[in-house]
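Number of protein chains: 2
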Amino acid sequence: MLRAAFALFLCLSLAIAQSPVSYRGYDAAGAAQEHEWEMKYRSLPSPANMKADMERLAAHPHNVGSPYDNENAQWILAQFKSWGLDAHIETFDVLFPTPKERKLEMLSPSRFEAQLAEPPLSVDPTSNQTSEQLPTYNAYSGDGDVTAPLVYVNHGIPADYEVLDRLGISVKGAIVIARYGGSWRGIKPKVAYEHGAIGCIIYSDPRDDGYTSGNVFPDGAWRPPFGVQRGSVADMPLYAGDPLTPGVGATKDARRLSPKESPVLMKIPVLPISYSDARPLLAALGGEVVPPDWRGGLDITYHTGPGPAKVHLVMKSNWDLKPIHDVIATIPGSTLPDQWVIRGNHHDAWVNGAEDPVSGTISLLEEARSMSELVKQGWRPKRTIVFAAWDGEEPGLLGSTEWAETHASELSQKAVAYINSDSNGRGFLHAGGSHSLEMLVNQVARDVEDPETHLSVWKRLELNRMVGRRGAPSGEQAAGDLPISALGSGSDYTPFLQHLGIASVDLGFGGEDGGGIYHSIYDDIYWYEHFSDRDFVYGRALAQTAGTLVMRLAGAAVPGFEFNAQARTFSTYLDQVKTLWKTTRDQIETKDRLIEAGAYKAASDPRKPFVAQVKEAMPPFLDFSPLENAVDHLKRAAASYERAYAANPSESSALAGKVYLTERMLLDTKGLPRRPWFEHMVYAPGFYTGYGVKTLPAVREAIDQKEWSEVGPQIARTAAAIEREAQLLDSMTSMLH
Amino acid sequence: MLRAAFALFLCLSLAIAQSPVSYRGYDAAGAAQEHEWEMKYRSLPSPANMKADMERLAAHPHNVGSPYDNENAQWILAQFKSWGLDAHIETFDVLFPTPKERKLEMLSPSRFEAQLAEPPLSVDPTSNQTSEQLPTYNAYSGDGDVTAPLVYVNHGIPADYEVLDRLGISVKGAIVIARYGGSWRGIKPKVAYEHGAIGCIIYSDPRDDGYTSGNVFPDGAWRPPFGVQRGSVADMPLYAGDPLTPGVGATKDARRLSPKESPVLMKIPVLPISYSDARPLLAALGGEVVPPDWRGGLDITYHTGPGPAKVHLVMKSNWDLKPIHDVIATIPGSTLPDQWVIRGNHHDAWVNGAEDPVSGTISLLEEARSMSELVKQGWRPKRTIVFAAWDGEEPGLLGSTEWAETHASELSQKAVAYINSDSNGRGFLHAGGSHSLEMLVNQVARDVEDPETHLSVWKRLELNRMVGRRGAPSGEQAAGDLPISALGSGSDYTPFLQHLGIASVDLGFGGEDGGGIYHSIYDDIYWYEHFSDRDFVYGRALAQTAGTLVMRLAGAAVPGFEFNAQARTFSTYLDQVKTLWKTTRDQIETKDRLIEAGAYKAASDPRKPFVAQVKEAMPPFLDFSPLENAVDHLKRAAASYERAYAANPSESSALAGKVYLTERMLLDTKGLPRRPWFEHMVYAPGFYTGYGVKTLPAVREAIDQKEWSEVGPQIARTAAAIEREAQLLDSMTSMLH
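Quick note, the sequences are listed as chains L and H, same order. Residue numbering for the first sequence is 1 to 737, as defined by the working numbering. Residue numbering for the second sequence is 1 to 737, as defined by the working numbering.
Worth flagging that the hints you see were computed from the coordinates, not collected in a lab. Mixed in with the good hints there might be a few duds.
Put simply, identical chains are the same to the list, so a pair is met inside one copy or across any two.
Restricting the straight-line Cα-Cα distance to at most 20 angstroms, the calculated cross-link-like pairs of lysine to any residue (SDA-like) are [claimed, not checked]:
1) Lys-635 with Arg-295
2) Lys-591 with Arg-465
3) Lys-608 with Gly-307
4) Lys-608 with Asp-513
5) Lys-582 with Ser-709
6) Lys-608 with Glu-529
7) Lys-670 with Ile-300
8) Lys-608 with Glu-512
9) Lys-608 with Glu-452
10) Lys-608 with Arg-465
11) Lys-608 with Asn-215
12) Lys-591 with Val-467
13) Lys-100 with Phe-621
14) Lys-172 with Trp-37
15) Lys-252 with Gly-84
Given only the sequences and the hints, what does the whole structure look like? Please build it.
What follows is the structure in structure tokens.
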């Protein structure tokens, strides 16, 4: 019945499929050949293999430094080799602290000691591998033994401290308790420390991924009472990778900072806890009742404190170097072996990691196996394809970053694109990345079938967006490409995109199954096979999508970069930063006027704490014209290139050697203010969001942080980067004439 | 320090106060005299008296039919008389069921019996008057003894059943459990019954007025675990007052329906419960996980059911007639004794009712006492002032309605306006009512001092609205009147405004203290004196506001009705119903297009229940022109009247006798469709909202309910009513020329 309803679309898509295919960067014959190989390719990835691979890779905890992490790397290497691929392991030595001492207790008003442990569940066969599991902790926490009153800070992001300020509540000398969410976890202790806190507890509120959302594991997918989210709290927005070797590969003989010198290690002790452990602490808080959006799902009244709850927090680590093992396999390019299309997914996990990352790793493996199969059948990609199973992603993108830093100069020349995935699930395609690849991603998504609806994954996504927006787009809109999102951080694309300027795409499916096992012992095979893509059909869809994208890039005469979408997208980013300035200005103006009118005082309740708002300096008017000129140039350059390319779709290898360097132009080797490792002037993780992207980051964050004198110079640097790309496009256009 | 900040405004308002006053409907000498009496008046209401009065009136439970209800009436009568007022009690006999049998138990999957009782608290001296307290129940529930699977229906309003329909969940033959909120409580069992449910449980979720919002009583103001909200579930949107005597006074010898004939009695058993009693029932539900906005504050995953929880619900009442005692006192008018300004607040409560209604009753008493004082000093209002302490408001506006019905023809001729209040608290003035009195309410609010900020209550409200809107209005806006809200139902103005067409205003203060003791045994003196207007200064502010409004109306040559604001407001209502039609049409159009595109199916998760959406007939285009013409006529008539009145501010008694009849013009004696008792064509409580107002109700609800053929005739009737008022205004204008 489901299929009948979609008969019209199936006919339509079959009709399209049967007409002669046209692929950007391919001539007619090349496209026909490519089409044939891709059709073969997409029939190969096997859900049964993926299930078996997951049951192997997630059978034991395999965090960095664990025996099974190494065993998995060796096994992946053997797999690659068994398929006839040229493969090897690259090993780096990275700082990876593990807990030596952990303690959290409440001393008053009543005594309570936190359990800090996740109990095995009898129905879940891997949950009892206790001796192999990393304890619940936040890697790169500071060492410390502190006792202080507790303050609840909501998500613990800067906006939350503004609320506390208005309530007259300080965290100076206090231990804060923040709930997960609202930012990347590492932001919470960083901002707490900036505000004078001496310790930080992070807990998973049931409202966010526990019983509020659904039945808890093992009855359902959501976080059980003692489930804890492990995770890194290094200051990754400064730089990714090994904390001791910023900018260079963590090889045996690399020059290393001492841990004390490393700026990314947290200064205060941090510990993640469950909502069972958090409840007594939160219930013991007094002080103000929190604002409505700070409330969680516990059956208590949430208060801010400080106190009367007084807690004792101890966190000490073994600060050891540990080896990490990246597994690298290649399919050599036939005619352009020095142009690389890189496809990566990490293999390390916090514990068993069936979802994170094995659900993505198994797709990578099936892609490699399937392409090896094609090679046996005579397929020869023009470009070299590099498969990478990264180690050490969880603590801080260690494996990908150290590899990228080690091979930086070669990658700068050779890397055409980096295609990433990580956890995968059931539902809708989500794609983020460089907007010069937006058109290509859309084209590929139109060629992959959604296993549940048998529409293309593109069509299902589009129809879902229609329902989400409650909109009924016109025929024109329906035919247009769907936007891909900009990338912040949180997975292995960061060193490629934001450090080296390699056009990147991050792919995955999801949105139909929620869950609350992230970074806990319950992210395991039992959970995945009950509550996620249990038939592994979305594992196959990911392999089909990522593999097709890799093949399309590797086989083209000229890889299918397109720049109109990019120019249009950058133009919206420019509009956003202009609006951000305007909004900031309007808000300050309004606030000042309300202060003058006495409105805040009149509106306030004399029985409740109220710290008078203070007037702020008005933001100056800013000269956005350098960016406006650069974006305008890029728009015109993109349009000219597109016209010239359409008139004369060149297969010139000179053009092929330039087109992917466009992303490099967006780098500024001096990097972003206060974090030179991040060189991309358009995409970066936010300094105070962590994973969340900030586009045009040097400009946007100067406005965010009201550093008005910084905005002008950063406009100039950002404009110059965009200008460089526009000039490269102009030179490519002249090659076409 | 607070005062210093407002020095500018104080100076300003003092400056205004010292310039010669100008009151609409008064000549210069009259205004000066009125000003002097009002200044005297506002110095008289005494917080100490109010505290003493509350401690007397709320000392024992005083629900309808209880000994203390009668004692209070006698005491109020004695007070009125002691101040020299002409006072008497009017008694009616009304149907007031009280519980004979109540039981709620869960039979499976585990056994649980609900407590159905509110425990006394040792710190709270009146909470242990158990023998005098009404049990927790919903008056006018059907009698029944039913056993069935349970279904959670969120608020239990029509929109919630649409969600259940999409999930394929029926309540036919089930017992529903709904949380309080989202509508008047009586809507919940009514809609449940319409959908085939055989019983209804209503509970107070902690998210709404329990621990989620703040500390619970007695530590804080919010609903404790076993607190229950009593309340009526008669189908009040059909008619208010005694269920057995619709439209006529429930006098001794009135013709009565039998209970079986009364259309307003609920057909199924209904019982209100606490969140302690609700938790085991909700925790035992299976079925679907509810949508995010259906989630409450309990520490469970909320499911819809049906079942596996199976419950047994018994509710049986004694269906007795009970006497109610309205206490009426008058100050006779000097020159226009047959024009009445009526001021009312009820005195009955569900239990002790310190907040509801005694916090308002004590203001009414101080107004009467203070005006008696003025009379002793020689004050003689032109019009008769009627003070009314109503009984039986809680079960269904019984005292006010039966009195209004009994005196309907006299009131139709004589009533100039009805000024109501009910519960009162700390914070900001809220005023609702007839928009022909909007200007007058604004003028009065400018003359009353806010006890916390010492601004006028008007100024504080305006500044608070500025903060709420984050807006900084220009000078013009700041000088303009603030809108008053339209009245739905929920207090004693309903029979006056919506049955008899008497211009009404409802006044109260609040917004600074929340609380969760509504209709429970904990709404008592201890709670009020700890968590609300404990200094009784907002009790005084209410007495000052309502009393000034009464005096200003009673003393004017021509009462200060003004019609531009009314015409402007009605015009926005017309815009709203037109937009409602447009939105309804757009939604259906979008939905149909999404169905055709297969978008809902593509967006749905095949593992989750999904009932295919069905296409709906497109709404026809409608002829709003009769309403547009009528509203336009009203606008022009109001403007002409205003111009003529400004040029020649007549004191003619002929005009005075007409101006207040304008509200009568808005009646249509045939009433609203399916509920003829409600005759007002502009303001009504919603058929499916209960308390929530529906303006232009005959038209709006026909669109709401997609009764397209009904819209045209109702546009005509509504337009005719507005047209009648415009014609009356035209005739008043010609009197001025």
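Using 20 angstroms as the alpha carbon limit, work out where Lys-635 and Arg-295 are close: within a copy, between copies, both or neither.
-> The answer is neither: 46 angstroms in one copy and 48 angstroms across copies each exceed 20 angstroms.
Tell me, please, which holds for Lys-582 and Ser-709 at an alpha-carbon limit of 20 angstroms: within, between, both or neither?
-> within (16 angstroms within a copy, 49 angstroms between copies)
For Lys-608 vs Asp-513, is the C-alpha pair at or below 20 angstroms within one copy, between two copies, both, or neither?
-> between (43 angstroms within a copy, 10 angstroms between copies)
Evaluate Lys-252 and Gly-84 at a C-alpha cut-off of 20 angstroms and name the case that applies: within, between, both or neither.
-> neither (29 angstroms within a copy, 102 angstroms between copies)
Taking 20 angstroms as the upper bound on the Cα-Cα distance, should Lys-608 and Asn-215 be classified as within, between, both, or neither?
-> Between copies, since 15 angstroms is at most 20 angstroms while 38 angstroms is not.
Between the shortest in-copy and the shortest cross-copy C-alpha distance, which are at most 20 angstroms for Lys-100 and Phe-621: within, between, both, or neither?
-> Close neither inside one copy (53 angstroms) nor across copies (74 angstroms); limit 20 angstroms.
Measure nothing new, just compare the shortest in-copy and cross-copy C-alpha distances for Lys-608 and Glu-452 to 20 angstroms and report within, between, both or neither.
-> Classified as between: cross-chain Cα gap 12 angstroms, same-chain 54 angstroms, threshold 20 angstroms.
Between the shortest in-copy and the shortest cross-copy C-alpha distance, which are at most 20 angstroms for Lys-670 and Ile-300: within, between, both, or neither?
-> neither (50 angstroms within a copy, 52 angstroms between copies)
Alpha-carbon proximity between Lys-591 and Arg-465, which holds within one copy, between copies, both or neither at 20 angstroms | Between. Shortest inter-copy distance 14 angstroms satisfies the 20 angstroms Cα cut-off; intra-copy 37 angstroms does not.
For Lys-591 vs Val-467, is the C-alpha pair at or below 20 angstroms within one copy, between two copies, both, or neither?
-> For Lys-591 and Val-467, only the inter-copy Cα distance (9 angstroms) is at most 20 angstroms; the intra-copy one is 38 angstroms.
Is it within, between, both, or neither for Lys-608 and Glu-512, if the alpha carbons may be no more than 20 angstroms apart?
-> This pair counts as between: shortest inter-copy Cα distance 9 angstroms, intra-copy 43 angstroms.
Is it within, between, both, or neither for Lys-608 and Glu-529, if the alpha carbons may be no more than 20 angstroms apart?
-> between (51 angstroms within a copy, 17 angstroms between copies)
Checked against the numbered hints above, the structure violates hints 1, 7, 13, 14, 15; every other hint is satisfied.
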